[in-house]
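With these hints in hand, go ahead and build the complete structure from the sequences.
In the working numbering, the protein residues as written are 1 to 543.
It should be emphasised that the hints constitute simulated quantities derived from the structure, not laboratory data. These numbers come from a predicted model, not from an experiment. Please note: incorrect hints may appear among the correct ones.
[As the list claims (entries may be wrong)] Heads up, simulated BS3-like pairs for lysine-lysine below, C-alpha to C-alpha not over 27 Å straight-line: (1) LYS380 x LYS196; (2) LYS423 x LYS106; (3) LYS423 x LYS381.
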Amino acid sequence: MKTAPARECLIYGLLLFSFFLISVYITGPAGNFPIGDDWQYAYPVKTWLENGAMEFKGIFAPNTLLQVVWGFLFCKVAGSFDFTWLRFSTLALGILGVVYFYKTIKLSGAQKRAAIFSAFALLFNPLYYHLSFTFFTDIPFFALWVFSVYFFVKYIIDKKSKHLVLAVFWAAASYYIRQPGILLIPVFGIYLFFEKRFSRAGTFSGLILFIAAAAIYFSLEKWVKPALGISGNYVPVGGRFYDALVGQPFHTALEWAKKGIKTTIYLGFFAVPFLPFFISQLIGGKLVDKKTIGLAMFFNVPLFLLLVYIGKTFPFGGNILFNFGLGPELLADVYTRGLPNTPRLPGWAMLAVQFISQLSATFIFYYFYKKFNTLRESQKKTIYFLVLFNLVYLPVMSITSFFDRYLLPVIASFFIVLSIFIKLKKYSRQAWKFLPLVLLSVFSILATADFMNWNRAKNEAFLFLRKKGVSIKEMDAGYEYNGFYNYHFPRKEQEDRSFWWVTDDRYMIAFGPVEGYRQIARFPFFRSLYWRQDNIRVLERTD
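This is the structure:
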């Protein structure tokens, strides 16, 4: 017979899943069109279905192979290639990822209520929710990553070899989507080395894991990729990392420090749903006084002013998160020419978000510091492992570029730790504390719906030009379309044109007017966040 807390968690778990299904309906994943980088990962699915063999187009960093297999299976069952089915494949992994994220939190000894709350916070996190509606590698990688973390934590607790084997298996699988997945294996080897206090057993276990990681790494790089004939499609990430460390060690260390500050502020922002609970615990535990607040301000005000002065303000260029919206606006008028053709919040609003995020991170880490010794030993070990992984992951992840979406494992690790520390009473007794989570969830849903709406309108504009007889070589249709239909190497770049394989920009798909162009068609869509109608425009050069 289930206890009252167990029944309560089951009810809220079902409500969470139901709410997610409703949100998927509101957002709408349908539409046979590429989004952002996912054309590169969808292309081998398409060729595999149509020609019986994977063919890759473009040069990219993620390994993506298992994701291609997963997308192929969905399209095969559906009977044809379609970006809609690829998005559903990502949504399925998004749900599985949250389930195992919840299981990992429960395994770590956190409250069931805290686990449910954190699962909700992750599922409707702006990055996680938005990326679930793409065929990017981030959600598939995250799902396999969290499978592996779950079994590593299980091994930490029960020391059963089968759990270690499963953890290594899922880490290897995640590596076949994104390179950083392989890091879980040697990092756990380092963890065992320290856990067993430099003993012979710890050294041997760590060495075995290092050998396993090396074998998995070289099997893909030296055997699988050459066998498939796709080695030339990948950015040499390992080589770049080595060159950065050896060739520019000081510059690399400085960049890591900058990205560490950005990451901390991002964590402060994404942890806002947890903030009411931590504020209550800080005040209730008498952990905050005037001196503590003064020190927090003494540190954060100069940092804030410095970041503003050097032009590094939230969301730091992002990729998914920008101002008051989600998703990169990859059309020439906004992205290439920098025209103000889409709505924005005033700059002061984003500065306010940045400062609040700084304070959020400061006080949460302060709480960790004050309460860490109250945790059980198994909880401490889980945190040690997660911290160790992220200390290795962050530098490796950011060696080629720094996108907010790369932070999903970091955010999930942070949420697991937050869940261990927070104490939730019965939900109905503290309903007001859920307001930040509700507001952030609504933002995620509506911002992603807006993103899908204007992408559907953009697809209509593209089909309009094709029906009119306009070749892809005569248009700048945006990054995804010119990449998917007009990729060529080497890319011919011109100063006044977009970087994305534009042969001639006589026609342009845009958010708004562009000097030297006239509008020949427009396709309306609705912006839910601003509650107004907008248009995607088809423009023709006037000269």
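Evaluation of the provided hints:
1. LYS380 x LYS196: Distance ~15 Å between LYS380 and LYS196 Cα, so the pair holds.
2. LYS423 x LYS106: With a Cα-Cα distance of about 13 Å, the restraint between LYS423 and LYS106 holds, given a limit of 27 Å.
3. LYS423 x LYS381: Between LYS423 and LYS381 the Cα gap is close to 20 Å, so the pair holds against 27 Å.
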